[in-house]
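Residue numbers (my numbering), protein chains in the order written: chain F, 1 to 336; chain W, 1 to 336; chain V, 1 to 335; chain U, 1 to 335.
Derived by calculation from the structure, the hints in this document are not laboratory data. Cβ coordinates follow ideal geometry from the N, Cα and C atoms, glycine included. Incorrect hints may have been included.
What the hints assert, rightly or not - Each pair of labels, with its calculated beta carbon distance range:
1. V:Ala-328 to W:Glu-35: 43 to 53 Å
2. F:Met-47 to V:Lys-296: 48 to 58 Å
3. F:Met-47 to U:Ala-335: 35 to 45 Å
4. W:Leu-280 to U:Gly-85: 50 to 60 Å
As the list claims (entries may be wrong) - Computed footprint of chain F on chain W; a stretch qualifies when at least three of its residues, placed anywhere within it, have a C-beta under 8 Å from a C-beta of chain F:
5. 158-164
6. 193-201
7. 210-218
As the list claims (entries may be wrong) - 16 Å max Cα-Cα, derived EDC-like pairs, lysine to aspartate or glutamate:
8. W:Lys-176 to U:Glu-290
9. V:Lys-296 to U:Glu-290
10. U:Lys-296 to V:Glu-9
11. U:Lys-32 to U:Asp-62
12. F:Lys-176 to V:Asp-61
13. V:Lys-197 to V:Glu-9
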Amino acid sequence: MATTSYATGANAAQPDAATQIEIYRRMNLIMQNDEASRKIIRSGRLMMPYYSQRGQEVIPSAISVNLNDDDKICTIYRGIHDMLAKGVPLRALWAEIAGRVTGTCKGKGGPMHITHPASGAILTTGIVGSSMPIANGLAWAAKLDKSRQVTIANFGDGASNIGAFHESLNLASLWKLPVIFVCQNNRFAEHTRYENGTSVDQISKRAAGYGMPGITVDGNDPYEMYAVANEAINRARDGEGPTLIEAMTFRFFGHVFGDDDFYMTKEEKSAAMAADPVPLYRAKLIANGVATEEKLAALEADIAAQIADAIEFALASDMPPLEELTRDVYAEQGVA
Amino acid sequence: MATTSYATGANAAQPDAATQIEIYRRMNLIMQNDEASRKIIRSGRLMMPYYSQRGQEVIPSAISVNLNDDDKICTIYRGIHDMLAKGVPLRALWAEIAGRVTGTCKGKGGPMHITHPASGAILTTGIVGSSMPIANGLAWAAKLDKSRQVTIANFGDGASNIGAFHESLNLASLWKLPVIFVCQNNRFAEHTRYENGTSVDQISKRAAGYGMPGITVDGNDPYEMYAVANEAINRARDGEGPTLIEAMTFRFFGHVFGDDDFYMTKEEKSAAMAADPVPLYRAKLIANGVATEEKLAALEADIAAQIADAIEFALASDMPPLEELTRDVYAEQGVA
Amino acid sequence: MSAAENKIETKKITIIQAINEAIAEAMEADPKVIVLGEDVADREGGGVVGVTRGLSTRFGDDRVRSTPITEQAIIGAAIGAAIGGYKVVAEIMLMNFTTVAMDMIVNHAAKLRFMSGGQTGVPIVIRMMTGAGISSGGQHSDFLEAWFAHTPGLKVVMPSNPEDAKGLMLSAITDPDPVMFVECTRAYFTPYETPVKVAPIPLGKAKVTQEGTDVTIISYSEIFLRATAAAAALAKDGISVELIDLRTISPWDRATVIASVKKTGRAVIAHEAVKQFGVGAEIAATLQEELFGQLKAPVKRLGAPYTSVPFSGVLEQAFIVSVAGIVAAARATLA
Amino acid sequence: MSAAENKIETKKITIIQAINEAIAEAMEADPKVIVLGEDVADREGGGVVGVTRGLSTRFGDDRVRSTPITEQAIIGAAIGAAIGGYKVVAEIMLMNFTTVAMDMIVNHAAKLRFMSGGQTGVPIVIRMMTGAGISSGGQHSDFLEAWFAHTPGLKVVMPSNPEDAKGLMLSAITDPDPVMFVECTRAYFTPYETPVKVAPIPLGKAKVTQEGTDVTIISYSEIFLRATAAAAALAKDGISVELIDLRTISPWDRATVIASVKKTGRAVIAHEAVKQFGVGAEIAATLQEELFGQLKAPVKRLGAPYTSVPFSGVLEQAFIVSVAGIVAAARATLA
Ligand SMILES: Cc1ncc(C[n+]2csc(CCOP(=O)(O)OP(=O)(O)O)c2C)c(N)n1
Ligand SMILES: Cc1ncc(C[n+]2csc(CCOP(=O)(O)OP(=O)(O)O)c2C)c(N)n1
Ligand SMILES: [Mg+2]
Ligand SMILES: [Mg+2]
């Protein structure tokens, strides 16, 4: 099967009004959470390696509204947007980021390793490419279970050049696993421009090498992103196998907090920021009569309050006790 | 650049008469050497893991006549044909296989690790996929040297599913390295049929994912193989970058000596043997008036004598002295 | 030992058969036990030496699955399926091939329980074979158990005989954490009289196979058989050896080893892996600390010299710790 | 020390600058020295912490080359280019990422000289940073030097200060064999008064930075700075410490360490890596054998507990060997 351009035109699935608003809610949550994160690091109240997702809000928001709670996601260090969209609770997330015992992982994982199985958020990895082989395994389990669950494997454009990408796509296609490979192509891998690391102009073209459908989509357009995700997820649920989605986007704030962006041109950065998908989509919702200004403002205020509450909760929480240092190494804790 | 079908028709390079005979000489050398190897193992006079190349004679023979002595090859455990075609001397080869101090590697490498830099035979690896990243490095050195040397990376169809393949092709394309990736597709990886391990019907299709030309060729046809190799090698020499060649072939005698072939159908095996490329090509050379029966018979007799001499030399050679066990660990031997 | 115990029903089986039986019993007992790896299904011959032979025919192709040559994807699939509720037995054909899957093993399988604060666990067994002595050369013969023992979160199991292989495999499969199960090719094919029914053998417990008073010899995997032969040779000279088969390398059975060496006052540790920075170092370092002033001789370590595994037979035999070497080391502690 | 030696010209530089200078000097001296790795060229910032900053501008983009995220291909390219006549400095950004390139490092770089019978050598330096204490969590902080020290054919170098970093890097680049060059992130940024001209420091030689009579403390990398602080604290209590910075982990300087402990009769070994099956084990095992009956106390080992590197600051600090811990261990040997 060759690279396909599908999920377009009249056949494309469209989110209903409630779903459109829900996509916006998730986008706004991600945006506000990102702003709060950068602010708190700047203030010196929290220290952590932070990989801003600002500019990439659409991708997980438009994907995740197609998912059930028991569907799974695997993501990477730049994955807090994926986690939030999937429903990881804010308090536990913030407590984890703050290294508190009330965090998702009792403070032991940190921002690069958020995990919350109750939300289907199974893995955050710090090793480029590693979300994919493990996502395959979750999908394989679902297939064995005949559960119709799907798994999303998120990764970056840079990750498409590492061995794990190749092995994972081949196996997933061969075994027709219910997994969707979502390449969030923000055009940079750390300081390296896309074209200096990747030998093909579109990562989706690699799908043909695995007999898998591959599609490049505007990852900043909620409607297109929704339609493409919807089709890929349905195919996976129906046992028709994996899809490679390359979602085009841009990260506004460098690779990691503190990075000074020297490797981007001012033009491309300001063009991307001018096309900020969050306010654009907001305006569209209002213009299309899907939501009123008041409704969205209320929703945003509510999110702001939730984030404030989560930060307060996190900072008021205890640090993990020292026993946690050697707990959870084995299931029977304390061994060795 | 998409997968290309090139080197065909009027534009295809044709070997001249002397080269046609030289290709045959190499094929016959490989065939007789393989027969001698299997015979000596069966006789119990030598014990070693042996990966027969019988049936795959054309590929390295038709490639290597396009190479200079200082061009490089990297190959795999099933690589003695590649080594012989590149010119590794028979005596040192047999001595290595027999674990003698007179072997290419003083008996320390063995059949899975034949190396003979003087012939441009740089690497034999036992790890699937690993010929490719190292071939890139040799090609990189040649490029830095502006030497116009090229490097051939040999590997199997099964190896095209491992991460190193992907990383290597991406880097080679990106850096326009003078390397040619030769996938010797014998349709099996150990006991696994091609289609049960590989998600695409032709490995050459993967080239498009690296913006690299890729071509599937009849690896048992010396003329086609020559033309395709010639073009790819010329492109590499001229600084136009790498090519992926998928050379279709078949191995007659199972994965490793002793393997009982249960995973092949009798039909496919006997069909492949009926189309044995060595006698077929021999007949063609005579029919086309390129060589006489007498000339080829003399050439074959000469090869047989050389092999017999090499075996005798090897078996008469000394085992490596015990000091060799800890020599060559570091350059300054004896350290640690 | 009671009369009943003496009448345990036995049969001659090899380690290959023992592991095969253990996996089959585990699959029978729990439908969540699944197997994957290169050529492990019967269509592909049930494994290159037949360890998984018959399993796909008996339990179905869904539960025993051959893979492409793709070790990262194999271990990744095992990890994911394990988190998804399965107990996965993954084969990496040879121990050296773990090098292409180390990220999955070390950064993920070993760490996910800890990094998730106990929310996700990875109950997988990674089986692999290795060992010099069969002319496989430098890239197919290494013993790398020290790496994995140095990696928190992994368990490392290395049986020397069919009964242990079976009992340890049964425990490894039901263990909630990742277990590296290392099989020595040289020990694969010898049949041993083995109980027909083998109970799970707890991980982390060594076995004292022979009591003695003069010197303790600690070993595991195929080298333990050499240690046993060495003990027999030493007995002829009136030297009484206490023999310990470590069986599990991590966590290792400190209590049993320390108690034994406390009694004998002398210890020899022998393994096939390279001596430098090998498993023997940890044991010797522990003994000198725990039994300071109580040792009658320095703890002796035997392992491979600092070199790659050579091809040529003469060198290859010299590479592997020998019975004579163990005998000499034990004698040296008594000198 | 002569008057001339006292007047050595110095300047304050960090380890980052020291390594940068060493590579620059080596590139200046030999056009065959080349550099590759993720983001190492100036277009990409000259390395994520700037170790290679300025080099591509000075020596050209051909000689300093940024790569995709492709560690197998990076090390493969380094190996091939090295066999092709170059001396290659390859960066693997963090030590944990060696796990995706272990085959290239262990089965190839380390073994090719041996397996080819000395025909091909692999003069490469693999640089990497690591270390806990900067909130990077479980997958970015491990010290894995024991793995590489257990691998015949590799050398392992771990400097604690700019002068050593520079001198050792100069030697590593000209060394004919593969060198793992491990840099601790915590030690990167502190400027030290350093000679302007640093001569190559031979690999395999430890440095006795302080002579003493009561106890020998052996350490390396950033933990050596803690050992130095511990020695100062102990001196206040009248305990005389002999301090050894190992600098090279493999091959390690057995002679210097044994001579020192022979003199003091007591030894503490401290490193950041997990204690179990760590480098300290090899040293302790060697000392108990070489100095049997001459030790006044058991050799003490300090290392990380058997656990992954935690994120939360309180746990992370508890994870790393501390000055207080070293002091206590040294005292314990004197108790
Ligand atoms: C195996 C490995 N190599 C290198 C790194 C260091 N690293 C962290 S993020 C990153 C860039 C990844 O780029 P991309 O995949 O495009 O994802 P993005 O950060 O843009 O979301 C690199 C090289 C790593 N974490 N893992
Ligand atoms: C990384 C790795 N995994 C597994 C193996 C075991 N193995 C050796 S050869 C082989 C099959 C390779 O098939 P292919 O690439 O088609 O080459 P062929 O043997 O057919 O020439 C396998 C799986 C290996 N050597 N290396
Ligand atoms: Mg990116
Ligand atoms: Mg094949």
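(Q) Could you work out which of the previously given hints the structure breaks and list their numbers from low to high? (A) Hints 4, 8 and 10 contradicted; others consistent.
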